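Produce the complete structure using the sequences and hints provided.
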Amino acid sequence: MILFRAILLFLIFITPLKANTIYNLIKIPNLEIYKIDTKNGLRYLYATKPFRLGVNVKKNISCYNSNKQTLGKKYKIIKKNLDRYSLSFLKKINLKYIVLCENLSISEINTAGIPNNITRTLILDIKFNKRHFERAIHHELFHMVNDSYKELFNENTWKNFNKKSFEYSQCSTCNDNWNLDLLDNSSDFFSEYAKSTASEDMAEVFSHLLFYQNKIKNESSIIKKKILFIKKNILKIDDTFKF
Amino acid sequence: MINKIKISKSEKIILSFLIILGVFTFVSLIILKNKCLFIKNHNPNNIEFNNPENVVILNANCGNVIIELYPSISPKAVKRFKKLIKLRAYDNAAFHRVIEGKLIQAGDLEFGKKENLDYGKMGSGKSGLGTIKSELGGKFKYDKGSVGLARTFELNTEDSQFFIILQDEPLYEGEYTPIGRVIYGLEVLETVKFIPKFHIVPRPDFINSIKMLN
Chain A
1 MILFRAILLF LIFITPLKAN TIYNLIKIPN LEIYKIDTKN GLRYLYATKP
51 FRLGVNVKKN ISCYNSNKQT LGKKYKIIKK NLDRYSLSFL KKINLKYIVL
101 CENLSISEIN TAGIPNNITR TLILDIKFNK RHFERAIHHE LFHMVNDSYK
151 ELFNENTWKN FNKKSFEYSQ CSTCNDNWNL DLLDNSSDFF SEYAKSTASE
201 DMAEVFSHLL FYQNKIKNES SIIKKKILFI KKNILKIDDT FKF
Chain B
1 MINKIKISKS EKIILSFLII LGVFTFVSLI ILKNKCLFIK NHNPNNIEFN
51 NPENVVILNA NCGNVIIELY PSISPKAVKR FKKLIKLRAY DNAAFHRVIE
101 GKLIQAGDLE FGKKENLDYG KMGSGKSGLG TIKSELGGKF KYDKGSVGLA
151 RTFELNTEDS QFFIILQDEP LYEGEYTPIG RVIYGLEVLE TVKFIPKFHI
201 VPRPDFINSI KMLN
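Line order of the protein sequences matches chains A and B.
Quick note, the first sequence lines up with residues 1 to 243 if you use our numbering.
Quick note, the second sequence lines up with residues 1 to 214 if you use our numbering.
In short, the hints are calculated from the structure, not lab data.
All of these numbers come straight from a predicted model, not from anything done at the bench.
Heads up, a few of these hints could be off.
Computed list of lysine-lysine pairs in DSBU-like fashion (alpha-carbon distance at most 35 Å, straight line) [unchecked claim]:
# : chain 1 : residue 1 : chain 2 : residue 2
1 : B       : K133      : A       : K231
2 : A       : K27       : B       : K144
3 : B       : K211      : B       : K79
4 : B       : K76       : B       : K40
5 : B       : K141      : B       : K86
6 : A       : K27       : B       : K141
Dropping the structure here:
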């Protein structure tokens, strides 16, 4: 017992200090402040070195630092899109920190973003697919909304909007078709990716609503029901929200 | 008649060496070891305060640290802090977490007191009064010398532990409940024992006492 306590104390004292303030706040290493005095309270951080994250020894999330030029260019685009969300809305969905890095992947699969509403952080891949980059920001933000309000965005209710013959995949990466391109106006989904899971479908509807605003031309009655559902529930969270 | 004996050159060298050694020993043992030597001890009786009812005197090894509390910014947190001060709960509490030039943390009333120090659990102790809600709405700039209530990774877990920052920390704004600011004696805190690159301090320094001015 004495030996055990001695080893425990030794381990406590040799634990190297991660004095970095950002690490203490959001548990992501190698970050620095990019911009923090924003109108809607979002704090933008960027990776100075590559980092890996994960719950256990297998740190399956990785991202790399970017050069200043890319960072400056992409920051402007990201900020322009995220400025559409008010401080009160962001507070309600638990989003405060935006981490900018490139080649973000989870289990070696590239992704546009990784939301975490416990650490109030959204990691964004600034080198993600150029064509869909801006819309993907809103898509990833919706996952923060969804994670904070699971009861509002009930997946079973959502699944009932689809045709009875349709079934989502087991997971968002189970399908080989990750195409984000807009499908034709009669489709019940905005993209092929929307067919992966109910939550990805919701995020696709939300991001199309935010990105294309009133220019959506889809005429499917299913899509119309989905849009109504998203709008209604977002307004339940914040009745001043503007689509 | 006694003949004067002239000191040889080598004897002169040895003598000078011994004098230098003596001076070096004196400086290193007496002057350099006394970390409080050049620290000014502020006497609160000689200072006029605007809000004396919100002034706290923290006495540490090298003197007094005078803190002004801001109940208008964080009423519940200040109320809790004052309550524990009046109970003399912080007396003999360790500065258990000290990060050189950055932060100093104390107030673990369960495992961080001189009489029942538990290194294995230090930093996780509570006051027994329960947790209070984070107060993050007020405008407060986390400049050097700001005092805040510590919490776990989750919000609304503030209790008795508090920290004082030794450098500006803009990221703390809206993250930690502020309770006040050091107005005199920040240099006293800069002498508190720390271990470079480690976060828990073995054989830490202690708060001698914390009292309200009035």
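**Item:** Straight-line alpha-carbon gap K76 (chain B) to K40 (chain B), limit 35 Å
**Value:** 33 Å, holds
**Message:** So if I understand the rule, the pair passes when the alpha-carbon distance is 35 Å or less; does K27 (chain A) with K144 (chain B) pass?
**Reply:** Holds. K27 (chain A) to K144 (chain B) sits at ~23 Å (cutoff 35 Å).
**Prompt:** Holds or violated: are the alpha carbons of K133 (chain B) and K231 (chain A) at most 35 Å from each other?
**Reply:** Roughly 32 Å separates the two Cα atoms, so the pair holds.
**Request:** Quickly compare the C-alpha distance for K141 (chain B) and K86 (chain B) to 35 Å and report which way the hint goes.
**Result:** This hinted pair holds, its Cα atoms lying about 27 Å apart.
**Message:** So if I understand the rule, the pair passes when the alpha-carbon distance is 35 Å or less; does K27 (chain A) with K141 (chain B) pass?
**Reply:** 23 Å, holds
**Prompt:** Under the criterion that the straight-line Cα-Cα distance not exceed 35 Å, is the pair K211 (chain B), K79 (chain B) satisfied?
**Reply:** 14 Å, holds
Hint check: no violations occur; every hint is consistent with the structure.
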